[in-house]
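Protein sequence lines, in the order shown, are assigned to chains F and U. Under numbering that gives the first Met the number 0, residues 0 to 305 are what the first sequence spells out, in order. Under numbering that gives the first Met the number 0, residues 0 to 305 are what the second sequence spells out, in order.
Careful: at least some of the hints might be erroneous.
Same chains, same names: a pair is fine if it fits in one copy or spans any two.
As the list claims (entries may be wrong) - With a straight-line Cα cutoff of 20 Å, these simulated SDA-like cross-link-like pairs (lysine to any residue) come out: (1) K302 with L152; (2) K302 with R155; (3) K54 with R114; (4) K302 with A111; (5) K302 with A107; (6) K204 with L121; (7) K302 with D158; (8) K97 with D64; (9) K302 with D271.
For the record, the hints were derived by calculation from the structure and aren't laboratory data.
Protein chains: 2
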Amino acid sequence: MKNTNPSVLVSEVGPRDGLQSVKATMSTAHKLRWIDALHASGLREIEVGSFVPPKLLPQMADVADVVRHALALPGWTVMALVPNARGAEAALQAGVHKLTIPVSASAAHSLANVRKTREEMLAEVARIVALRNATAPQVPIEVGMSTAFGCTLQGRVADEDVVWLAAELVRAGVDEVGLSDTTGMANPGQVRRLFNLVRAEIGDKTGAAHMHNTRGLGLANCLAAYDVGVRTFDASLGGLGGCPYAPGASGNVVSEDLVFMFEAMGIDTGIDIEKLMAARAPLQAGLPGEPIYGMTPEAGLPKNFV
Amino acid sequence: MKNTNPSVLVSEVGPRDGLQSVKATMSTAHKLRWIDALHASGLREIEVGSFVPPKLLPQMADVADVVRHALALPGWTVMALVPNARGAEAALQAGVHKLTIPVSASAAHSLANVRKTREEMLAEVARIVALRNATAPQVPIEVGMSTAFGCTLQGRVADEDVVWLAAELVRAGVDEVGLSDTTGMANPGQVRRLFNLVRAEIGDKTGAAHMHNTRGLGLANCLAAYDVGVRTFDASLGGLGGCPYAPGASGNVVSEDLVFMFEAMGIDTGIDIEKLMAARAPLQAGLPGEPIYGMTPEAGLPKNFV
Chain F
0 MKNTNPSVLV
10 SEVGPRDGLQ
20 SVKATMSTAH
30 KLRWIDALHA
40 SGLREIEVGS
50 FVPPKLLPQM
60 ADVADVVRHA
70 LALPGWTVMA
80 LVPNARGAEA
90 ALQAGVHKLT
100 IPVSASAAHS
110 LANVRKTREE
120 MLAEVARIVA
130 LRNATAPQVP
140 IEVGMSTAFG
150 CTLQGRVADE
160 DVVWLAAELV
170 RAGVDEVGLS
180 DTTGMANPGQ
190 VRRLFNLVRA
200 EIGDKTGAAH
210 MHNTRGLGLA
220 NCLAAYDVGV
230 RTFDASLGGL
240 GGCPYAPGAS
250 GNVVSEDLVF
260 MFEAMGIDTG
270 IDIEKLMAAR
280 APLQAGLPGE
290 PIYGMTPEAG
300 LPKNFV
Chain U
0 MKNTNPSVLV
10 SEVGPRDGLQ
20 SVKATMSTAH
30 KLRWIDALHA
40 SGLREIEVGS
50 FVPPKLLPQM
60 ADVADVVRHA
70 LALPGWTVMA
80 LVPNARGAEA
90 ALQAGVHKLT
100 IPVSASAAHS
110 LANVRKTREE
120 MLAEVARIVA
130 LRNATAPQVP
140 IEVGMSTAFG
150 CTLQGRVADE
160 DVVWLAAELV
170 RAGVDEVGLS
180 DTTGMANPGQ
190 VRRLFNLVRA
200 EIGDKTGAAH
210 MHNTRGLGLA
220 NCLAAYDVGV
230 RTFDASLGGL
240 GGCPYAPGAS
250 GNVVSEDLVF
260 MFEAMGIDTG
270 IDIEKLMAAR
280 APLQAGLPGE
290 PIYGMTPEAG
300 LPKNFV
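Produce the complete structure using the sequences and hints provided.
If you want it as C-alpha cells, here you go:
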C-alpha cells in the first residue's frame with residue numbers, strides 16, 4: 000500500500016499544458032479515459048484544462064465537461080489554467096478546486112503571450128483574486144511564472160525581476176508562486192539560486208518547479224529544486240507538450256521519469272509508477288501518431304523496483 | 000579563449016565504450032577523423048579503444064593505430080581499456096598515457112563479463128600494476144567499477160561491496176577508482192551516498208562518475224556526483240553506446256548535454272561546445288544509420304550562450 004503522506008507532490012499538467020501544444024484535438028471521451036487512468040495511479044493534483052475562448056483554442060472547448068468529470072473522482076485537486084478574470088469566472092462556475100494563472104517574468108514574453116505588460120497582468124491577477132474572494136474564497140490561486148529562467152525573445156531575465164514579480168503577486172493576493180522554465184534554459188545552479196531568492200522574499204508561498212527537458216536538464220533541475228526545498232513538481236505524462244524549439248525533443252519533464260527518480264531515491268510520491276505508465280495507453284489512443292516520450296517507460300523498471 | 004584551468008574533466012569514452020556497443024565496425028580512417036574533431040573541441044581526456052583480442056572484438060582490431068594517432072595530438076590524456084595483463088602489456092607498448100580496467104562490484108556480473116571472480120580480478124589488477132611499475136611507472140591506472148549502483152543479474156549491490164572493492168583496488172596499487180552505473184540503475188541519492196562512502200575509504204583516489212541515461216537520470220546523477228566533489232565525468236558523444244535494455248534510449252550520458260549543463264552552470268569544462276557538437280558529423284559519417292542522441296544538439300544552444 001502506498002504511503003498516505005507522500006513527500007512530494009507531482010502535479011500532472013498533460014491534459015492542459017500537453018494538449019495545448021499538440022495540433023490534433025483529443026475527443027472528450029478520450030480525455031476522460033486518460034484522466035481516469037491518471038487518477039488511478041494515485042496522482043493528487045491535475046491541471047485538466049484552460050478556460051480560454053474556444054475560438055482561440057478548440058482543444059479546450061470541452062473544458063467544463065472535463066472539469067466536471069475530474070471533480071467526480073475522489074482524492075485529488077482539480078486545477079484549471081485561467082489567463083484572465085473572464086476565464087476565472089468560468090472556471091469557478093465549473094467548480095475547480097484551484098486556479099493557475101500564467102504570468103511572465105519577461106516583459107517581452109508577457110506582451111507576446113497575453114498581450115499585456117507585466118503590470119497590466121498584475122492588475123488582471125488582482126481582479127481574479129477579488130473575484131475569487133467574493134465568490135469562492137476556498138479556492139487557492141497559484142501563479143506559474145513563465146520565462147523565470149530566461150526568455151527566447153528577451154534573452155536573460157534578471158533575478159531581480161523574478162523576485163520583484165513574486166513579491167507583487169503575493170501582494171496581489173495569490174497563494175502560491177511557482178517558477179517555470181518555459182524555454183528550457185534553466186540550469187541547476189540557477190534553479191537553486193532563484194528558488195532560494197524567491198523563498199527569501201515570499202516564504203512558504205513559494206510554489207512548484209515547472210521544468211522543461213528541452214536540453215536534457217529537466218530532471219537535474221527538478222533535483223536541484225528539491226535540494227532547496229521545493230516539494231511540488233509539474234510534469235506531463237509522456238512529456239506531452241513538445242517544444243517548438245526542439246523537434247524530437249520533449250518539452251515538459253516526463254511524469255514517469257520524474258516519479259521514477261523520486262521513488263528510486265526513496266522519496267515517496269504517492270504514485271503507483273506502473274499504473275502511471277499504464278496511463279500512456281489511453282493518452283496514445285486519444286492522439287494517434289503523436290510522439291510521446293519517456294526513458295523509464297522505454298527501458299522498463301529495474302527488476303524488483305516496485 | 001577558453002579557461003586553461005577548467006573545473007571539471009569530461010572524459011570522452013565514445014571511441015571505446017560507444018564503438019564497443021555498436022554492430023557496425025567503424026573504419027580506421029573514420030575513427031581518426033572523429034578523434035581529430037573531438038580533440039579540436041578541447042577535450043583533455045579520451046578513451047580511444049580496448050586492447051582485447053580482435054577475434055572477440057573486431058571493432059578494436061586497429062586500436063594500436065588509433066592510439067598512435069591520438070598520441071600525436073597535443074594536450075590530452077590518451078587512455079585505453081585493458082581487461083587483463085596481456086592487454087595492458089600491449090597498451091603500454093603502444094604508449095598510452097593511462098590505463099583503465101573494468102572491475103565489477105557485482106559477483107554475478109564479474110563472472111559474466113570477464114569470467115573471473117572479483118578476487119581473481121583483483122589478482123589480475125595486481126599483475127597489471129606490477130607490469131606498469133616495471134615498465135612504465137609514469138602511467139596511471141584507473142579502475143572503472145562496473146555495476147557499482149546495481150546489477151541486472153544480481154539485483155542489489157551492497158554499499159559494503161563497493162567500499163570493500165575500492166579499498167582492495169587501492170591496496171592492489173591502482174591510482175583511481177571510479178564508479179560506473181553500468182545498468183542505468185543509479186539514483187542521485189545513491190550517487191551522493193556511495194561517492195561519499197568511497198571517498199571516506201580511499202580519499203582523493205576516488206575517480207570518475209560514469210553514468211548512464213537509461214532511465215533519463217544521467218545528468219541528475221552527474222549533478223549529484225558533482226555536489227559531493229566528483230570532478231571527472233565519463234560521457235560519450237551522441238550518447239553512443241546504446242543500451243541493450245532500452246531500445247531507442249541512450250546508454251552513456253551524452254557528452255554534449257553534460258558539457259551544456261556544466262557550462263550553463265558556469266562550471267568550466269575547457270570544452271568548446273560548438274566544436275564538440277561539430278564532432279557529431281564525423282561520428283555519423285563513420286557509422287551511417289546508427290542512431291545518435293543528444294537533447295542540446297537537437298534543441299540548439301540558447302541564443303548568445305557561447
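Each hint tested on the structure:
1. K302 with L152: between (45 Å within a copy, 9 Å between copies)
2. K302 with R155: between (44 Å within a copy, 10 Å between copies)
3. K54 with R114: Classified as within; 17 Å inside a copy, 67 Å across copies.
4. K302 with A111: between (48 Å within a copy, 18 Å between copies)
5. K302 with A107: between (48 Å within a copy, 15 Å between copies)
6. K204 with L121: Within one copy only: 17 Å inside a chain, 55 Å across chains, cut-off 20 Å.
7. K302 with D158: Intra 43 Å, inter 18 Å, cutoff 20 Å: inter-copy only.
8. K97 with D64: within (16 Å within a copy, 65 Å between copies)
9. K302 with D271: This pair counts as within: shortest intra-copy Cα distance 16 Å, inter-copy 40 Å.
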